[in-house]
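K.L.:
One-letter residues, chain by chain:
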Amino acid sequence: MKQWELSRRDFMKKCVIGGVTVYSAPMLLQQQSAMAKGVASSLAETWYQDGKPAFRFDAIEKITGEKIYGRDYRAKDIPSWPDTQHHAFIVRAHIADKVYQGLDLSVIPKDLMPYKIITAEDLESNALKLPPFYGDNMLLKKGSAPDYLGHEVAILLFNDFAQFLKAKMMLQFHEHFVQYGPETVPYNAASKQPYAGWRIVREESTKGSQDDDIYSTYHSGQFFPKYEGQKLLWPNPVKGSDDIGERGMYLAQTLRQEMTSNDDWFVLNKQYKTQSIEPMMLEPEAYNGFFDKKSQTLHVVITTQSPQDFYLQAGKVLSESPLTQSIKNLVVHSPYIGGGFGGKDHTIFPYYGMIASIFADAPVRLANNRFEQFQSGLKRHPFHFTNQLAFDKSSLKLKGLVADMNLDGGGRENFSSSVAMVGASAIQGIYYIPRNDIVATCLPSYLPTAGSMRGYGSLQSMASIEMMFNEAADEMKVDPFKLRRVNAMVNGDKNTQGSVPLENIRYQEMLDLAEKHEMWQNRQANKTKFDQANPDKSMGVGFGFVSKDYGTGSNAPSSYVGVTPDGKVVVKVFSVEMGTGTDTSQASLISEYLGSAADNLDIAQIEVFDALEIFDDASPYIMSQEHQDKMAKNPRWTPMVVSASSASQSAFFQSHSTKYAAKILFEESLFMAAKTIWEKQGSSGITITDVSWQGGQLHAKDAEPLSLSIICKKAHAEGMITGVMTHGFNRWQWATAKFELNQQQKEYPLDAIALEYGIGANDAVKAKQNKQGFVVQERQAVNYPKVKLNSAMVRYYTPCLTMVELAVHKVSGEVEILRTHTWIEPGKVHVRELVEGQIEGGLTMGIGHVLHEALPQDNTGAGNGEWNIDRYKVPFAKDNGVWTLDYTLLPTIDGSDESKGLAEVVMIPIVPAVVEAIYQATEKRFYHLPITAKDISEANA
Amino acid sequence: MSTLNLTINGKQYGPLEIDPGMPMVNFLHEYLNLTGTKFGCGEGICHACVVIVDNDDGTSSTRRTCIANVMLFNNLNIRTIEGHATKNNVGEIIALHPVQDAFIKNFAFQCGWCAPGFTNETVALIEKLKQKPIAKDQVERVIEDTLGEHVCRCTGYVRYFKAAKNLILATKGLTI
Chain A
1 MKQWELSRRD FMKKCVIGGV TVYSAPMLLQ QQSAMAKGVA SSLAETWYQD
51 GKPAFRFDAI EKITGEKIYG RDYRAKDIPS WPDTQHHAFI VRAHIADKVY
101 QGLDLSVIPK DLMPYKIITA EDLESNALKL PPFYGDNMLL KKGSAPDYLG
151 HEVAILLFND FAQFLKAKMM LQFHEHFVQY GPETVPYNAA SKQPYAGWRI
201 VREESTKGSQ DDDIYSTYHS GQFFPKYEGQ KLLWPNPVKG SDDIGERGMY
251 LAQTLRQEMT SNDDWFVLNK QYKTQSIEPM MLEPEAYNGF FDKKSQTLHV
301 VITTQSPQDF YLQAGKVLSE SPLTQSIKNL VVHSPYIGGG FGGKDHTIFP
351 YYGMIASIFA DAPVRLANNR FEQFQSGLKR HPFHFTNQLA FDKSSLKLKG
401 LVADMNLDGG GRENFSSSVA MVGASAIQGI YYIPRNDIVA TCLPSYLPTA
451 GSMRGYGSLQ SMASIEMMFN EAADEMKVDP FKLRRVNAMV NGDKNTQGSV
501 PLENIRYQEM LDLAEKHEMW QNRQANKTKF DQANPDKSMG VGFGFVSKDY
551 GTGSNAPSSY VGVTPDGKVV VKVFSVEMGT GTDTSQASLI SEYLGSAADN
601 LDIAQIEVFD ALEIFDDASP YIMSQEHQDK MAKNPRWTPM VVSASSASQS
651 AFFQSHSTKY AAKILFEESL FMAAKTIWEK QGSSGITITD VSWQGGQLHA
701 KDAEPLSLSI ICKKAHAEGM ITGVMTHGFN RWQWATAKFE LNQQQKEYPL
751 DAIALEYGIG ANDAVKAKQN KQGFVVQERQ AVNYPKVKLN SAMVRYYTPC
801 LTMVELAVHK VSGEVEILRT HTWIEPGKVH VRELVEGQIE GGLTMGIGHV
851 LHEALPQDNT GAGNGEWNID RYKVPFAKDN GVWTLDYTLL PTIDGSDESK
901 GLAEVVMIPI VPAVVEAIYQ ATEKRFYHLP ITAKDISEAN A
Chain B
1 MSTLNLTING KQYGPLEIDP GMPMVNFLHE YLNLTGTKFG CGEGICHACV
51 VIVDNDDGTS STRRTCIANV MLFNNLNIRT IEGHATKNNV GEIIALHPVQ
101 DAFIKNFAFQ CGWCAPGFTN ETVALIEKLK QKPIAKDQVE RVIEDTLGEH
151 VCRCTGYVRY FKAAKNLILA TKGLTI
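These protein sequence lines are chains A and B, in that order.
Just so we're aligned, residue 1 is where the first sequence starts under UniProt numbering, counting upward by one.
Just so we're aligned, residue 1 is where the second sequence starts under UniProt numbering, counting upward by one.
FYI, nobody ran anything at the bench for these hints, they're computed from the structure.
Values in this document were obtained by computation on a predicted structure and should not be read as measured data.
Honestly, I wouldn't trust all of these hints.
Stretch-level coverage of chain A by chain B, calculated; a stretch enters the list once three of its residues show a Cβ under 8 Å from a Cβ in chain B [claimed, not checked]: (1) 49-63; (2) 101-109; (3) 305-314; (4) 570-581; (5) 879-885.
Each computed DSSO-like pair below joins lysine-lysine, with the alpha-carbon atoms no more than 27 Å apart [stated by the list, open to error]: (6) Lys878(A) with Lys165(B); (7) Lys633(A) with Lys680(A); (8) Lys128(B) with Lys52(A); (9) Lys76(A) with Lys105(B); (10) Lys568(A) with Lys128(B); (11) Lys130(B) with Lys98(A); (12) Lys136(B) with Lys878(A); (13) Lys828(A) with Lys128(B); (14) Lys162(B) with Lys873(A); (15) Lys162(B) with Lys746(A); (16) Lys136(B) with Lys52(A); (17) Lys162(B) with Lys52(A); (18) Lys105(B) with Lys136(B); (19) Lys87(B) with Lys768(A); (20) Lys105(B) with Lys130(B); (21) Lys11(B) with Lys878(A); (22) Lys568(A) with Lys87(B); (23) Lys98(A) with Lys482(A); (24) Lys878(A) with Lys87(B); (25) Lys162(B) with Lys828(A); (26) Lys76(A) with Lys132(B).
Here are some chain A residues the structure puts well away from chain B; computed CB gaps all over 12 Å [stated by the list, open to error]: (27) Ser42; (28) Glu121; (29) Leu232; (30) Gly340; (31) Asn369; (32) Phe374; (33) Thr584; (34) Asp629; (35) Lys680; (36) Lys738; (37) Asp870.
Cβ atoms here follow ideal geometry from the backbone N, Cα and C, with glycine treated the same way.
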C-alpha cells in the first residue's frame, strides 16, 4: 500500500470546515500531469500555433483514451490509495405510493451477498445527513413511503467486481427485491409546500418606456405569496396601496381584466406544455473514494460541474457525525467530466459515494449505469403555460403579456425556485412589453428531481412566446418579420422586470440578415419545387428569435496568471471543463497580453485561490444593502467567494478575471521589465502604447524585439511581479475597486488581487507574503453593485435567431431537417471553432427537445428505473441536417471587447422554428413538446 | 469460469480465468485498466464502446463491447482507442493516427466521451476504403451509414462528419 502524506508541496490547505480540513488535490488529470505521463511535450505543445489554437487544449488526451475523466479512475491509479477496489450499488425505490418495508436479499445466492448494507438507520444512528440544500431522507427509512420515484433506500458494498456485477444485474430490475406494503398511500409530494412562487408585474410610465416605470420589480421591489397547502395566496389587489404586493396585484388584476375587455387589442390566449427531459450526458455520474483511517483522511474523486459545492458542504456533513469526527482531512479530486448540460450541477450523487466510503473497508467506486442515471439524475423541468399576448390591432404594438406557468420540480427542490424565476423573467424573449403579469409556480412531485438543465427555464418560456408570435402574425395576417420589427426591444427599453439590458441591442440588424436569406426569400418557390418532386412530403420554413440571459446574478470568477523564469505561462481558473472548451479559451485569451498561450492550465481550482484571503458570509441574493455596505468596509470580504460552472459563465465571467490577471501582469511588470532591458540597450522613452506582440516577441518602435522568456527572466531576477491572482464579483455589473500597485492607485473591475513576486524579491516583499507565497493587495475602496440589482433578475443577453427548412412525411409524420441557418451575436470570439461547435451541438439538442426527447410524467417515467436510450430517443446525425447546418456570427461593434455566454441560447430558437415550419408544412399547430411523428401523423389523419 | 486468450493493441493477454458473462467493456476497465473505451448506454445503442476486431483474412470490423461478453472476443485480435497513436520507447505519445489528427484539428468533439467510438469506427472505415475505394460522390452517404448510429450529445456531429469526409477525400486511394 502506498502511503498517504500531506505536504505543502503536494497540497495546500483550504480551510477548516467544522473541524475537517478540506483540500483540493492537484488534479490527477491536470494537463501537465497528463502530458508528463502520456503525451510527449513536443506533440502536446503543438496545440497553439500561429497565434491561435490548432486544436483543443485537452484534445490529445481525449482522442487517445488517456485517463482524464473521473469515471476512468480506479484505486490502483491513484497515488496513496491501496490497489484494492470495492464497489457500491445504490438501491432505489421504483414506486412511490406504497410503504417501503425493506430488502429481500434472498433473491440472490449467498456468495453474491454484499459485505455491508448501508441503511437509513445507519445514517440516523451516526447523525449522517445531506447538506440542507438537498433536503432530508437521504436514505428512505423502513415504514415510510418514498418521497419520489428512485428514492434511495440503501447502499450495498461489495469487495469483488465480478460478484458485485452479478449481484447488481440480478437485483437492479428484480420485482421483489425492494419490498413494499400492500396498501396504496398518497404521494408524499402532495402534502409538501410549493418550491417557488414568483410574480413579475410591470407597468410602464405614461410617458413611455424610457421613463421611470409606474411599477416594476426593479423599481418597486419583489413580493411573494403565502402558501396554504400547495395553493399560492397572493396579496389582495388594492389600488394605490403603499404595500408593493397589494399595489402590484391591482395592476396585475387590471391587466388581466383588460385582456378580455379591450376591443382595440388582438389577444392570443394559448396553452403550451413542455416535457421532462433527461440530459443524457454521455458520461454517467461516477465517484471513487477512500477513507484512509490511518491518516484520518477521506479522498474522493467526483464528476460534477460544481466541485466547489461538494468541497464546501461535504466537510460540514462529516464534521457533524460522531462516526466521521475522526476524519481530519477531505481531499477532493475534480477531474474533466464527460458532458454536463446542468445534469451534474449541484448533483446529490457524490454525497452517496461519500457515505459509501465511510462504511467501506477499502476504496469504493460508485458508478451509475445508464438505467440508474435515467432513474436518479437531474431532469429538465416540465412547464405548463397559459399565456395571453395582446397586440394593438392598428399599430401591431404589444400592449401586454399575462403568463401563468406551472413547473414540476420533482422530488427534491434543488434549483427549482431559481429555474422558475429565470423562466418567468425570460418569457419576454426579444420583445418590449409595456405591461406584464407573469406568474411562475413550482410544485414538488413524486418524479425524479429537476434541476439546473441547459436552458434553465428560458428554453421552455422563450420558445412559447416565439410560437405565439408566429401564430399571432398568421392570425393577424402580418408578415412575421414585420411583427417582430415593430415589437423588438431597442436600446434603452426595459425588460419585464423594469431593468435595462446592458448591451447594445442589435435585434433589427439580425432580423434584416435573416429576412434576406435565400431560405426565406425563396420559401414559396422552394416549397413548390420540393413538394412537386416529393409528393409524399411537404416542406415548411420557420424561424425563432430569442435573447437568452447568461450569468446567475452572482458570479464570482477567480483566475491566476503567472510566468516562470524560463517564460512558461501558467493559468489557473475555477471553472470546470465539461466539453465547452473553457480550458482552451482561457489558455488562449491571455495571448493578447502575453504574446503566448498558456503552457499549463489548471481547471476546477479552488484551494489555490485561498491566497486571496477573501471570505463571504451570506447569500448575495438576499443580503440587505446595509449588510453589504457594512461588510464591504472589510477589504477581505466579498459577496461571494466562488460560484459554479453553470449559466454559460465561462466566456464572459471567467474570461474577465483571467483577462485582468494577464493585463495586470503585463502592464505592472512584464512591460516594465522589457522597458528596463530596452533602456539598457539604449532605447528609451518607450511607453506601453508603443509595444505590441508579434510572433511571440514584444516589439517597440526601433528597439530590439524581446522574447517572453527574456522578459520573464528579467522580471524574476529583479523580483518584480510574476503572478497575478484576481477575483471579480458580478451582480449584473462588475464590482470595481481601487488598489495600490507599484506605488500608484489603480482602479479595476475586480474586488480582490494578490500578487506573486519573482525569485529576486527583496526582504520587504517577502515579509508581506502569505503562506501561499502571495502578497494580498489591500483593497482601498470598493463599489459593489447595489443589492437592488437582484430585482433586475437578468441584464446580460445573447441574441440568437435560427431558421429551418424541413420536410414532413405526409403519412408517417416523420420530420426531416433539410437545412438550418443560425445568426448569433457572440461578442468577442476567443476561439471560433468552439463557438461554432456550441451552435452545432446546441441546435441538435434543441431538435431533440422539439421533436424527440420526452419522459412520461408519471410512474411509467424515468423514475421507475427502466429507461435507457432504447426508449428515450436522442437525436442522431440523420436528425439534424448535419451537412447543411450553417450560421452567421455577427462581428462585434467597434470597440467592444466583451464575450457573451452562449452555450444555452443556441439550443432555443430552433424549437419555435421547427414548430412553425411544421405548421407551414402541414397547416397543423402543435402546443406541446415534443412533436412526434405519431402526433403529426394523427393530426394529418 | 472460462479461459480467455486475446490480443489487444498487439499485446497478448491470457490465459485468464474469467466469468464468461462479463461484458467486454467491464473486462477492459476492471481487469486490464484500459479505460479509454467508454461506457455510454450499456445497450449497444450509443456506440461509445466500439472497438476494432482484426480478422484473420486481413479485414476488420467494429464491435460494441457493452453488449458483447468477453468470451466473444476469445482468440481475437482487437484494437482499442489506446492503440492507434505512435509511442516512443518510453511510452509517450509522439504522433497521432490520421483519423485522430483529423478529428482534433477539426475540433470534432467537445466532452470527448464519444470520441473513442467515433475514432475506432472511422479508422475501420478508412482501412476498408483502402481495400475497396468508393466514388467521391458516395463519401457522404458512406459516412452517414458508418457513423450515423453513434451518439454525441455535445457537437451535433457536424465536425466529425466533415473531418471524416475531408480525410477520405484527401487520402490517396480511398476514392476513385
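K.L.:
Using a Cβ cutoff of 8 Å, are there at least 3 residues of the stretch 101-109 of chain A near chain B, or does the coverage claim fail?
P.N.:
Answer violated; 0 residues pass the 8 Å Cβ test.
K.L.:
Going straight from one Cα to the other, do Lys162(B) and Lys828(A) come out at no more than 27 Å?
P.N.:
Roughly 26 Å between the alpha carbons, so the hint for Lys162(B) and Lys828(A) holds.
K.L.:
Do the alpha carbons of Lys98(A) and Lys482(A) lie within 27 Å of each other, as the hint requires?
P.N.:
56 Å, violated
K.L.:
Confirm or reject the statement that Leu232(A) sits farther than 12 Å, beta carbon to beta carbon, from all of chain B.
P.N.:
Label holds. Min Cβ-Cβ 36 Å, cutoff 12 Å.
K.L.:
Taking the shortest Cβ-to-Cβ distance between Asn369(A) and chain B, state whether it exceeds 12 Å.
P.N.:
Non-interface label fails for Asn369(A): nearest chain B Cβ at 5 Å, not farther than 12 Å.
K.L.:
Given the hinted pair Lys162(B) and Lys52(A), is their alpha-carbon gap at most 27 Å?
P.N.:
21 Å, holds
K.L.:
How about the stretch 570-581 of chain A: do at least three of its residues have a C-beta closer than 8 Å to a C-beta of chain B?
P.N.:
holds (count 4)
K.L.:
With a cut-off of 27 Å on the C-alpha distance, tell me whether Lys568(A) and Lys87(B) pass.
P.N.:
Measuring from Cα to Cα gives roughly 25 Å; hence the hint holds.
K.L.:
Holds or violated: is the Cβ of Gly340(A) farther than 12 Å from all Cβ atoms of chain B?
P.N.:
It is violated; Gly340(A) is separated from chain B by about 8 Å at its closest Cβ, not greater than 12 Å.
K.L.:
Should the label of Thr584(A) as a non-interface residue stand, given a Cβ cut-off of 12 Å to chain B?
P.N.:
Check fails; 9 Å does not lie beyond 12 Å.
K.L.:
With d taken as the least Cβ-Cβ distance between Lys680(A) and chain B, does d exceed 12 Å?
P.N.:
Holds, because the least Cβ-Cβ distance between Lys680(A) and chain B comes to about 41 Å, which exceeds 12 Å.
K.L.:
Within a Cα-Cα threshold of 27 Å, do Lys162(B) and Lys873(A) meet the stated pairing?
P.N.:
Distance ~24 Å between Lys162(B) and Lys873(A) Cα, so the pair holds.
Taken one by one, the earlier hints fail for this structure at numbers 2, 3, 7, 8, 9, 10, 11, 13, 15, 16, 19, 21, 23, 24, 26, 27, 30, 31, 32, 33, 37, listed in ascending order.
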